[in-house]
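Since chain A is already given, all that's left is putting chain B on it; use the hints.
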Amino acid sequence: MTRFVRQTVIDARDAPATSSLSALIQWRRAWVTSPMMAVTSLVLLAAFCVFGWRFLQWAVVHAHWRGSDSAACPGDSGACWAFVVARWKPWLVGDYPLDQLWRAWASFAAFGLFWAWVVQRSHAAGMNRVLLGFILLPAVLLLVLIGGGPLAAVAPTRWGGLLLTLIVALATFASALPAGLCLALGRRSRLPVVRWLCTAFVEGMRSVPLLVVLFIAATLLPMFLPRGWNIDLFTRALIAFSLFNAAMAAEVFRGGLQAVGHGQFEAATTVGLSHFSALRLIVLPQAVTAVVPALVNIMIAVIKETTLLSIIGVNDLLGAVENGAKSPDWIGEPNILISGHVFLAVIYLAVCYGLSRYSRRLETAR
Amino acid sequence: MSRAVLVERLWDYAGQAVLLALVLWLAWSGLVNFLGNVRVLGLAAGYGFLDAEAGFQIAQSLIAFSPRSSYLDVVIVAALNSLLVIVLASVLSTLIGLVMAFGRLASHGLIRGAAATYVEVFRNIPLLLQILFWYFSAIAVLPGVGDSLAFGGALLNNRGLFLPRVQVTMAGGSTLVAGLAAFVGLFWLARRWLKTTARDNGWSLALSGAIIALLCLAPLALMRADFGIDNPQVEGFNVGGGFAVLPELAALTLGLSIYNSTFLAEIFRAGILSVPRGQAEAAATVGLSGVRAALLITLPQAMRVALPPAAGQYQTLAKASALAAAIGYPDIMQLVGGTVLSQTNQALEVMALVVLLYAAINLAIALAVNLLNRRLLWQQR
Numbered sequence: 523m524t525r526f527v528r529q530t531v532i533d534a535r536d537a538p539a540t541s542s543l544s545a546l547i548q549w550r551r552a553w554v555t556s557p558m559m560a561v562t563s564l565v566l567l568a569a570f571c572v573f574g575w576r577f578l579q580w581a582v583v584h585a586h587w588r589g590s591d592s593a594a595c596p597g598d599s600g601a602c603w604a605f606v607v608a609r610w611k612p613w614l615v616g617d618y619p620l621d622q623l624w625r626a627w628a629s630f631a632a633f634g635l636f637w638a639w640v641v642q643r644s645h646a647a648g649m650n651r652v653l654l655g656f657i658l659l660p661a662v663l664l665l666v667l668i669g670g671g672p673l674a675a676v677a678p679t680r681w682g683g684l685l686l687t688l689i690v691a692l693a694t695f696a697s698a699l700p701a702g703l704c705l706a707l708g709r710r711s712r713l714p715v716v717r718w719l720c721t722a723f724v725e726g727m728r729s730v731p732l733l734v735v736l737f738i739a740a741t742l743l744p745m746f747l748p749r750g751w752n753i754d755l756f757t758r759a760l761i762a763f764s765l766f767n768a769a770m771a772a773e774v775f776r777g778g779l780q781a782v783g784h785g786q787f788e789a790a791t792t793v794g795l796s797h798f799s800a801l802r803l804i805v806l807p808q809a810v811t812a813v814v815p816a817l818v819n820i821m822i823a824v825i826k827e828t829t830l831l832s833i834i835g836v837n838d839l840l841g842a843v844e845n846g847a848k849s850p851d852w853i854g855e856p857n858i859l860i861s862g863h864v865f866l867a868v869i870y871l872a873v874c875y876g877l878s879r880y881s882r883r884l885e886t887a888r
Numbered sequence: 343m344s345r346a347v348l349v350e351r352l353w354d355y356a357g358q359a360v361l362l363a364l365v366l367w368l369a370w371s372g373l374v375n376f377l378g379n380v381r382v383l384g385l386a387a388g389y390g391f392l393d394a395e396a397g398f399q400i401a402q403s404l405i406a407f408s409p410r411s412s413y414l415d416v417v418i419v420a421a422l423n424s425l426l427v428i429v430l431a432s433v434l435s436t437l438i439g440l441v442m443a444f445g446r447l448a449s450h451g452l453i454r455g456a457a458a459t460y461v462e463v464f465r466n467i468p469l470l471l472q473i474l475f476w477y478f479s480a481i482a483v484l485p486g487v488g489d490s491l492a493f494g495g496a497l498l499n500n501r502g503l504f505l506p507r508v509q510v511t512m513a514g515g516s517t518l519v520a521g522l523a524a525f526v527g528l529f530w531l532a533r534r535w536l537k538t539t540a541r542d543n544g545w546s547l548a549l550s551g552a553i554i555a556l557l558c559l560a561p562l563a564l565m566r567a568d569f570g571i572d573n574p575q576v577e578g579f580n581v582g583g584g585f586a587v588l589p590e591l592a593a594l595t596l597g598l599s600i601y602n603s604t605f606l607a608e609i610f611r612a613g614i615l616s617v618p619r620g621q622a623e624a625a626a627t628v629g630l631s632g633v634r635a636a637l638l639i640t641l642p643q644a645m646r647v648a649l650p651p652a653a654g655q656y657q658t659l660a661k662a663s664a665l666a667a668a669i670g671y672p673d674i675m676q677l678v679g680g681t682v683l684s685q686t687n688q689a690l691e692v693m694a695l696v697v698l699l700y701a702a703i704n705l706a707i708a709l710a711v712n713l714l715n716r717r718l719l720w721q722q723r
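Chains A and B supply the protein sequences, listed in that same order. The opening residue of the first sequence carries number 523 in my numbering; numbering runs sequentially from there. The opening residue of the second sequence carries number 343 in my numbering; numbering runs sequentially from there.
If we strip away everything but chain B, and leave its shape as in the complex, we get:
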C-alpha cells in the first residue's frame, strides 16, 4: 500500500474514531445523568415490577384479567388489544381501499367522482382529528346506560356494544378444539381435491357443495357441548358481564380504516394501472364478466406491484394505532406507556418495552408481507 493511500485512509479512520467516541460519550453521559437522577428521586430500576400485582381493572381484555393480575398480564392484554385493532383496521381498510381503487378507475363519471372525493377528503384530514370526531360523535349519538338498546342478548349504549360471552368449560373446550381441527382438515382436503380435479362438471360441483354443507354442519355439532352463556346486564350506571366492544375500539377502527384506506386505494390504483390493458380485454374476450375479470385476472397481477408499498402502509397503520392513547382505548401506548408508567415511575424500562413491542409488530408485518410477496412472485414463473 502506497504511503499516500495510507495517509488518506488515516484521516478516514481518525474521523470515524472521533465520531464513534462522540456518540459513545453522549450515550455514556446520558446514562450517568439518568442513573444520578434515578438515585436522587429514589426510583427502582430493572424489570422486577413485571411480577408485581397491577391493582387496576382494564375495560377490554381478550384474556382473563383481574386487578390481582401482574403487570406482565397488563402488557399481554395491551399487546393483544393493539393487535386486535391493527388486524381489524388492516382488513377493513384493504376492503375499502380495493373498492375505492376500482371506483376511481370506473367508466361511470359519478362513481369516479364519489371515489375521488372520498380519497381526497379523508387523506387530507389528520388521523387524530378523524378519530376524535368519530369518538365524540358516536358517544353523542348513542343512548346512556339506562336507555340501552337491546338486540337479543346484546346491549348497545354509549359505553359500548356488549355481546354475550361464551364461557367454555374444560370438556366444551376440548370438543371445540377437536371440531376446529376437523374443520380445518376438511377444508384443506376439499381445497386440495378441487385443485387436482376439473372444476366445471356437475359431479365436482355437487361434491364440493356437499363438502361445504358438511363444513357448515360441523360447528353445529359443537353446540351440543356444554357452553355457558354470560349475558350482559345493566347494573346501575354500568354494564356487568358479557364481552364489551368499546366505543373507543369502534372509533379507532373506523378512523384508522378510513384514513389508511385512502392511501391503500392510491397504491392499489397504481397497481391496477400497471397491469397491461390487454389482460382485461383478453379476459373479456374469453367471456369473463367484469367482476370476475377484475378479481381473477387484474387483481392478482396488480398485487405484485402494490404489495411492497402496501406493506409500508400496513406498518404505518400499526404505528398509528398508538393514537389510541388520545381516546383512552387500552392498547400498548395507553396501558403500558400511560398507566403502567405512571404507577411504576420506571420511565426508561417501560418506554423501552413500548418501543420493543412496536418494533416487533412492525417486523412481524414486514416478515408476513415478505412471505406473501415470495408466494406471489413464485407464481409468476
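Next comes chain A alone, as it looks inside the complex:
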C-alpha cells in the first residue's frame, strides 16, 4: 500500500474567484434575469435619461439668470431663476428693515453654528444638551429679531420668507416639546380630572386638520378675547402651531413612556426616590432617549406644515414666493411661478431629507 505524504509547503491559493465573472455577466445576472426584466430595465433607464436630460435643459442650459422683471424670462423653454435671484430679499427675510438686516443674518448664522454643533457630536451621547439648546435658541432668536431696549423694535408683520419659516419651526418645536411631555404625563396620571383633560385635548386636536386649527386661531380666537385685547396674527398662528404639535408630540412621548417598563419606576421608588425624582431621574431619561428619532420626524413635519401659514396670510417662505409671482413685475408667465415652485421644492427637499437622514442615523447609533 503506497502512501503519499507531501514534503513541501505549497503556495497559498487565491480564494475562489467570484470576481472572475466578468463585470458584464454580473450586470446581466442582476438586471436581465428575464426578457421582461430586460425590457423594464431599458424602459426605466430611458425614462431616467430623457427626464434628466430635459430637466437639465430646462434648469441649466436654457435658464434665465439675470433681470428684474418678467421680460427677462421669455417663453417657457428655460427656468426663470432671475425671479429667484432678483427677489432674494422677500423670500429670505421678508420685509425686514434694510438697516437692521444684520440681526437676520446673525440669526441664520447662530442657527447654522448650532446645527453644525448638533450634527458633528457623537450620536451615542445624551441628547439633553441638544434638546435644551432647541428650547433656548428660539427664545434668544426671538429676542434678537423683535428687539426692544437698545435694538430698534421690528414687528413680526415685517418678517417673512425663510427667516419666518425658521423662527416658526424652531419656536413651535421649543414650545410643543415641553407641552407635549406634560400632556403625555398627564394622560398617565392617576388623577382622573388631569387624565380626562389631557386625553380630551390630545384626541380633539388629532381629529381636526391643522388648517382648521389655524383658521380658528385666525378668525375665531379674537372673538373670545375681551374687547380691546389684540394678539397679532403671527402670534396667534404660533399658538395654533404649538398646541397642535403639542398633541402630536404627546403621542410620541406616550409611546416612549410606555416603552419604559413599570418595574423601572417601582425599583426607583423602592430604593427611596420620591415619585417626582423617580420620574425625573429614571423614567424620563429612558423614555426621551427612546423617542429622539420620532421627535426629529415631528420636526420634519413641522417644517412642512409651516407652508400652511401662507393660506392664512402670514408671509412664510412659500407665501413670499407665491406673492412674488403675483407682483406687477413678475405676473403673467406661468413658467415663472413653476420655477419658483421648483426652487422651493429643492430647498424643502434638502432640509427635510437631511433631517430624515439624521433621524435614521440616530436610530442606528443607539
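If you are wondering where the hints come from, they were derived from the structure by calculation, not from laboratory data.
Covered stretches of chain A, going by a simulated chain B footprint (3 or more residues, C-beta under 8 Å): (1) 560–567; (2) 733–739; (3) 849–862; (4) 874–880.
Subject to a maximum C-alpha distance of 20 Å in a straight line, what follows is the list of computed SDA-like cross-link-like pairs (lysine to any residue): (5) LYS611/A / GLY835/A; (6) LYS848/A / ILE481/B; (7) LYS848/A / TRP476/B; (8) LYS611/A / ARG588/A; (9) LYS848/A / GLY670/B; (10) LYS848/A / VAL483/B.
Every residue, glycine too, gets a C-beta built ideally from N, C-alpha and C.
Coordinates of chain B only, in the frame set by chain A:
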C-alpha cells in the same frame, strides 16, 4: 382609611378641583367675551341660517344644487365633495404605495433605486407645495375654453374635464336600481358558489365565465331604459352642461395621492418585511408565480401588520384634504369654512360644524379600518 392617606388624597382632590375650576373659568370667560363681542357687532346666533337661501353657485356638486338651495344643501355638497376626493386619493395612494413598497424590495437595482427616489423625493416636499405645483402646471399646460380639446362628447380645457352627464328619468331610475340589485345578487351568488366548489376543473371555469358574461350583459340591458344625455358645450368663456371634473379636483387628488403614497409605501414595506421569508419560498416551491405569491401569500399577511398604521395615514389624508382651500376646490374647508362663514359671519357655529364634520370623517375611517382589521384577525385562527 388612615389619616395619612386621607391627608395625601386631600391634596390630590384639592389640586384637581383647582385645575377643573381654572379650565371652567377659562371657558366661561371666553364664552362671556364671545357673547359680548357678538352683541356689540350685532351678529346672529344659532343654526337658523341653515334653512336660509345660499344664493351662490358651486362649481362641482354631486347632488342637484342651485343658488336657490339652502345652506344645509351647501354643507351636504361640501361634505360629498370632500368625501369624493378622500376616497379617490385613498384608493390611488394605496395602489401607488403597494407598487412602490414591492418596488423598494425588488432584487432589480434599477427598480429599487427608482422606487426609493420616488419615496424620498415626494415625502420630503410639503404637500401644499405639491398641490400648488400640480394645479398651476396643469392650468398652464391645458388650453383655454375657446380651444377646448374634444373627445367624443367630453371637453378638456383649463376649466376642467367636462363629461356628458346622464340624466335619469323616474322610469329609468327604477330600472337602474333593479338592474343594480340584480347585479349585486348575481355577483354574491357567483362568489358564494365559487367558494363552496372546487375551482380548478373545467366545469367551474366555464360556469364562472358564463356568470361573468351575464354580469357584464346585465348593465347593457339597462341601456334600453330611457336616459337623457346632457353633453357639455362651450358657451362664450365658460362651459355649460355636463359633469365637470375640476382641475382643482385633479390637482388635489394627484397631490394627496402622491404625497400619502410615499408614507403608505413605507408602512406596506414594513408589513411585507414582517412576513417570514419562508412564506414566499414555500409559495415558490408549490409553484406559484412571483406575482401570485406576492398577492395571495405575502400581501394578506403583511396587511395584518400594516393596517393599523395605514389607518392613521388614511386619517392624515382625510385631514390633509382641507388643503383644498388653497386652490379653491369646493370642499368642507373652502365652502363651509370659507364662503358660508363669510356670508353668515357666524364664526363659532360654522367652525364648530367644520370641526364636527372632520371629526366624523376621522371616526368613520377608524371604524371602517377596525372592522376590516377584525376580519383579517379572524382569518388568522
